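Protein chains: 2
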Amino acid sequence: MNDIKLMNRAADNIRILAASMVEKAKSGHPGGAMGGADFVNVLFSEFLIYDPENPLWEGRDRFFLDPGHMSPMLYSVLALAGKFTIEELMQFRQWGSATPGHPEVNFQRGIENSSGPLGQGHTYAVGAAIAAKFLQARLGKEVMNQTIYAYISDGGIQEEISQGSGRVAGTLGLDNLIMFYDANNIQLSTTVEEVDSENVAMKYEAWGWKVLTIDGNDVAQIRQALAEAIAEDKRPTLIIGHTIMGKGARGADDASYENKVSTHGQPLSAAGASIEETIRNLGGDPSNPFVIFPEVAQLYANRKEELKTISAEKKAVKEAWAKMHPDLAVKMENWFAGKLPAIDWAAIEQKANQSTRAASAKVLGVLAENVENMICASADLSNSDKTDGFLKKTHALKKGDFSGAFFQAGVAELTMACICIGMTLHGGVIAACGTFFVFSDYMKPALRMAALMQLPVKFIWTHDAFRVGEDGPTHQPIEQEAQVRLLEKVKNHKGKNAMLVLRPADVFETTVAWKMAMENKSTPTGLIFSRQNIMDLPAATDRYQEALGAEKGAYIVNEDTNADVTLVASGSEVSTLVDGAALLRKEGIKVRIVSVPSEGLFRSQSKEYQDSVIAPGSKLFGLTAGLSVNLEGLVGSNGKVWGMNSFGYSAPYKVLDEKLGFNAENVYRQVKELLAE
Amino acid sequence: MNDIKLMNRAADNIRILAASMVEKAKSGHPGGAMGGADFVNVLFSEFLIYDPENPLWEGRDRFFLDPGHMSPMLYSVLALAGKFTIEELMQFRQWGSATPGHPEVNFQRGIENSSGPLGQGHTYAVGAAIAAKFLQARLGKEVMNQTIYAYISDGGIQEEISQGSGRVAGTLGLDNLIMFYDANNIQLSTTVEEVDSENVAMKYEAWGWKVLTIDGNDVAQIRQALAEAIAEDKRPTLIIGHTIMGKGARGADDASYENKVSTHGQPLSAAGASIEETIRNLGGDPSNPFVIFPEVAQLYANRKEELKTISAEKKAVKEAWAKMHPDLAVKMENWFAGKLPAIDWAAIEQKANQSTRAASAKVLGVLAENVENMICASADLSNSDKTDGFLKKTHALKKGDFSGAFFQAGVAELTMACICIGMTLHGGVIAACGTFFVFSDYMKPALRMAALMQLPVKFIWTHDAFRVGEDGPTHQPIEQEAQVRLLEKVKNHKGKNAMLVLRPADVFETTVAWKMAMENKSTPTGLIFSRQNIMDLPAATDRYQEALGAEKGAYIVNEDTNADVTLVASGSEVSTLVDGAALLRKEGIKVRIVSVPSEGLFRSQSKEYQDSVIAPGSKLFGLTAGLSVNLEGLVGSNGKVWGMNSFGYSAPYKVLDEKLGFNAENVYRQVKELLAE
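Each protein sequence line maps, in turn, to chains Y and B. Residue numbers for the first sequence follow the numbering used here, so the first one is 1 and each next one is one higher. Residue numbers for the second sequence follow the numbering used here, so the first one is 1 and each next one is one higher.
Pulled out of the complex, with its shape left as it was, chain Y reads as follows (with noise of 0.2 Å):
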């Protein structure tokens, strides 16, 4: 069998493999898995390079899927590789499988990301191609020279997230990302030409990219057009492969089924298709389909062997490298073992009475300098997040030049957050980011599978409630905070918060909320920060001794004893509450001040611990610049909430202070009527 007749033999295999998976579950995407199967054959059969011994291997290749309903296709790739076992494509879409519908990101396997939203798959890859160039630039090509691969399909390249992955890939010249776009003109419900008559070509140049146009199902085309993007040196690549969705599918009558709508997304069978001809036309036996026929078992067995002298190779050379560089190689490895540097963040200084996103920006410096791996970014707002204490301590990165560590994102923010997603995907460094706290809204997509897939990406949001003021009800946050919480209420798949959320009540309570932050290695943290000044609440002995209690979630900021009502709260309405306290206790009224920076890392805690701050029967006031229900679940039936419920208004924020009732006269009526009832 010649080379391409084995290739093509190889890609049949995969065809066979991922329709017969998808006959087999009775639900799943063939069609386009049938399309793509030459370019991943051709990739991971001859391009793709890692370590068949240690999946985990740095320098590794990374493969991003984008279109993750096209599973079937990477799981069968991936048993041709020895990373799958036929059983398991067997169980696809099962209970309990190692091959969900969608992919969920697992390193061992070969699976670098979760998939399934289209868009973000492809835009993790752009954040992994700059997390590769960061470290290219600290450790050396001789151990970081990896090369990124994505591939993406139609309805991944209309997605309004490749306007902002598109854009930076190009600004930046990231000539180590390589994509494929798998253009077989077949979308879910209709052909692509109906509702895009785009130029992709066209506008990947326009972005700066390199761009090659190829029959998609043709190894020799797929071969060359591979070498040139790896040969090019300054720019990313697109390599746009025209397929054919469904190749190979027949009817019963052994007519064509290619070029379908109806084989996106569900069996052959149901599209009226017949998978025994299918099979048969592809070369393999209808009645045992689930088979690596052995010539193509040969050639990934081959390459496996080509695959074992390449890392000996790069073993070979890194231990090289770490010789001539030891200082590096511990860096290396610690960066990867995602260690964290020791930081005294007792002894960050912070200046009293402070916004908390200026408490934010004197941290941020600290990390510049002490976390070399860390990379910041802001979606063009970094002297107002305050993301500027970063980038005050180093510079943005840039083409040609990724000696700094700070990401110019420009305004987009779904971009900015799958870009640290795929950056911490990549291993070896620290992704946070900033923007307004309203614009979260654009970032939830992203939070989901960060979330999802268990990453500790640090989410920096300011501005973080009506006191926004004079930018008025679309830039202040009303129901976000409630809605970024529900992340904590959802369990992630190893039964922990899916996130952590963390709205510090002063700067000391900043300094902790990021110590808490950066020491979340196992789901992402989201920071909520004051765009205003805020009083520094009151400290017995040492205040950041004493809001070291927020990492239990809340804790009692100060209280008389036998306290009449206890005051909750999270952000800056616990100062509100200190100045309502003063009010009562003029006139004997004892309380207990209680500040919750995470509802959902107390509810963690032991009964008893929740049961010292809050004492089951005892009168509760809550007060929050978000919806009320951010506090109800704490507050119970036993007393209530002064909220913010409805959208809000352009003025200065003190006289919406005044206006919406967050002062402290208001907490003093509301309670005194609270004690009344």
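Hints in this document: simulated from the structure, not taken from any laboratory. Don't take each hint at face value.
Remember, identical chains collapse to one label, so a pair may be satisfied in a single copy or spanning two.
Claimed, not checked - Here are the simulated BS3-like pairs of lysine-lysine, each with C-alpha atoms no more than 27 Å apart in a straight line: (1) Lys640 x Lys607; (2) Lys260 x Lys24; (3) Lys640 x Lys210; (4) Lys607 x Lys672; (5) Lys26 x Lys659; (6) Lys339 x Lys521; (7) Lys640 x Lys619; (8) Lys619 x Lys607; (9) Lys640 x Lys552; (10) Lys314 x Lys141; (11) Lys491 x Lys5; (12) Lys654 x Lys26; (13) Lys260 x Lys392; (14) Lys496 x Lys640; (15) Lys494 x Lys659; (16) Lys659 x Lys24; (17) Lys339 x Lys393; (18) Lys314 x Lys339; (19) Lys308 x Lys331; (20) Lys619 x Lys515; (21) Lys521 x Lys362.
Since this is a predicted model, take the numbers as computed values, not measurements.
Start from chain Y and add chain B according to the hints.
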């Protein structure tokens, strides 16, 4: 004064007003407004067609501002046009003023959209242009020949959504759309070139736009570009206007403060410039800057006279047209008045025991046949979200042919939502759009804007819970229902729930939900439908009549006298409660079953009604396939909720039902435990 000088004088007038407004408010964005003044001056004094005496004239040109932070420019030019007073400009960004920090939709005042979150505004323009084409195809060019203008800034160009709006406008050949891109190379925190090296002209050409590049501060070039754009009859036009940020700004020493990042987002004085020198440099009087120059007032007075003449001509044409087409004239009036045709909802025959998405398709078919001015869209899922119930009765909009009523949005959920907003802002049409519920995440920024603007867009979401099944956690909504219902907890500026969210329990409730959605003309409505079939709820007499109880947000489906326990749910979980109740009743336990399609609406009913459905003190059990928090507010401390509080899993949904406890047996078990407490 010659013509060009006068036009420049008028633009300087806008610059002075804009800079002075920000200065007086001590807050806002002067630089961009000063750069864009020339364009809006030419547009408003020479091109934009509207009736000065009838701001709601349906045939008016529309102007959509994308960068809402450039509000001082908009308010100032509208002040020249007589829509705002000088006193109102002086109240910029103050409590209760007509000139909030970001523009808030006000057709009477010439403000066609609220803006602030970048990228959305120009997408509304695309929607408006589609609506105009749609209406033109039905009513004729005589009365529907308006041009839609959009104004976009560097940030909007970067926002991901520009990919969606650029693609759609090009693909549909929206030659009635003209967008001015204010390219000043300055964004909030950096110059543009630091974050973006893309070739914007080439990108829009790739999307199928005509692109003109001009000096955006040059009157003659602006005029010529607008004339060319208006003459274009196949494509939308992008006018790239290179402008000078902070044009005319000066320091105390008369040094230039043009082209500075610092003038983007703060008063000129805060940026180190001199407001006095700037005003002087622009030909104004620093001691009295809030003035419309007499010659500028005359320019706009002349334009007003021209517009009156034009409007009179258009009115005559309309009257002649109405005589020729009395039927169309009635339609036009009804459509723009938001009048619904009579729909015999009770007569819609639903097939028994279907999924609610299928029931929705049935209703959509009726709407397609009866509501001639309705446009339904899908983000490439029409065959799955079942908006194809609508599509089958019409055909898709396409370039050169807007006789259809279905908008194939492609894979671009946020774009689709914003386009529906834009269609609604335009007026005359009813817009609905569908996708999977999990992708409501992508639409959140638009949901918020639709809610803020009180626009009755209908959002159709199917695949409402983990019963998506095999597609797994990326496609299974968990926190989405709680998330979208947060907008039921936010009050809009009229004091109403900002959104109506309905999750019907069976096919009959689906008909009722659609009835409610169509009759809701004051807020957006979200409709959440099931993928899987649901057994119809039991009815005493006529299930449709009983399902009308949904109009109160919650109602009793059935009950035993003196019920021991009340079972509460929405959507498909209600039928699971019915099954569980059967097991409980076998043991003589008396139950009441309540369906709650909308807690927010239910909470708006009289206390008496609420108590009649959920009796105070009664034992309560809630079942929700979303987060428990969905029902905890209703169930309170007197009961318990069985919810889905983790990410989902890939498996057939009936397996998931068993594994996750969403079946009759578990309802039985949980309620027994509750009653034993």
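Results of checking the hints against the structure:
Proximity of Lys640 to Lys607 under the C-alpha cut-off of 27 Å is found in both arrangements, the shortest distances being 22 Å within a copy and 18 Å between copies. For a Cα distance limit of 27 Å, the shortest separation of Lys260 from Lys24 inside one copy, 21 Å, qualifies, whereas the shortest one across copies, 63 Å, does not. Neither within a single protomer nor between protomers do Lys640 and Lys210 lie at most 27 Å apart by alpha-carbon distance, with minima of 60 Å and 59 Å respectively. Proximity of Lys607 and Lys672 under a CA criterion of 27 Å is satisfied inter-copy only: 25 Å between copies versus 29 Å inside one chain copy.
In this assembly of identical chains, the alpha carbons of Lys26 and Lys659 lie at most 27 Å apart only when taken from different copies (20 Å versus 59 Å within one copy). Taking identical chains as interchangeable, the C-alpha atoms of Lys339 and Lys521 lie at most 27 Å apart only when both belong to the same chain, with a minimum of 9 Å there against 56 Å between chains. Taking the shortest alpha-carbon separations for Lys640 and Lys619, both the intra-copy value of 9 Å and the inter-copy value of 23 Å come in at or below 27 Å. Both within a single protomer and between protomers do Lys619 and Lys607 lie at most 27 Å apart by alpha-carbon distance, with minima of 18 Å and 24 Å respectively.
Taking identical chains as interchangeable, the C-alpha atoms of Lys640 and Lys552 lie at most 27 Å apart whether they share a chain (23 Å) or sit on different chains (26 Å). In this assembly of identical chains, Lys314 and Lys141 lie within 27 Å of each other by CA distance solely inside one copy; the values are 11 Å within and 70 Å between copies. In this assembly of identical chains, the alpha carbons of Lys491 and Lys5 never lie at most 27 Å apart, being 49 Å within a copy and 66 Å across copies at closest. In this assembly of identical chains, the alpha carbons of Lys654 and Lys26 lie at most 27 Å apart only when taken from different copies (14 Å versus 61 Å within one copy).
For the identical chains of this complex, Lys260 and Lys392 are inter-copy neighbours only, at 19 Å across copies versus 55 Å inside a copy, given an alpha-carbon limit of 27 Å. Proximity of Lys496 and Lys640 under a CA criterion of 27 Å is satisfied inter-copy only: 22 Å between copies versus 29 Å inside one chain copy. Only between protomers do Lys494 and Lys659 lie at most 27 Å apart by alpha-carbon distance; the minimum there is 17 Å, versus 45 Å within a single protomer. Only between protomers do Lys659 and Lys24 lie at most 27 Å apart by alpha-carbon distance; the minimum there is 21 Å, versus 63 Å within a single protomer.
With identical chains, the CA atoms of Lys339 and Lys393 are at most 27 Å apart within one copy only, with a shortest distance of 21 Å there and 61 Å across copies. Only within a single protomer do Lys314 and Lys339 lie at most 27 Å apart by alpha-carbon distance; the minimum there is 24 Å, versus 72 Å between protomers. With identical chains, the CA atoms of Lys308 and Lys331 are at most 27 Å apart within one copy only, with a shortest distance of 26 Å there and 74 Å across copies. Proximity of Lys619 and Lys515 under a CA criterion of 27 Å is satisfied in neither setting, with 32 Å inside one chain copy and 44 Å between copies.
Taking the closest pair of Cα atoms, Lys521 and Lys362 come within 27 Å of each other only inside a single copy of the chain (22 Å); across copies the shortest separation is 49 Å, beyond that limit.
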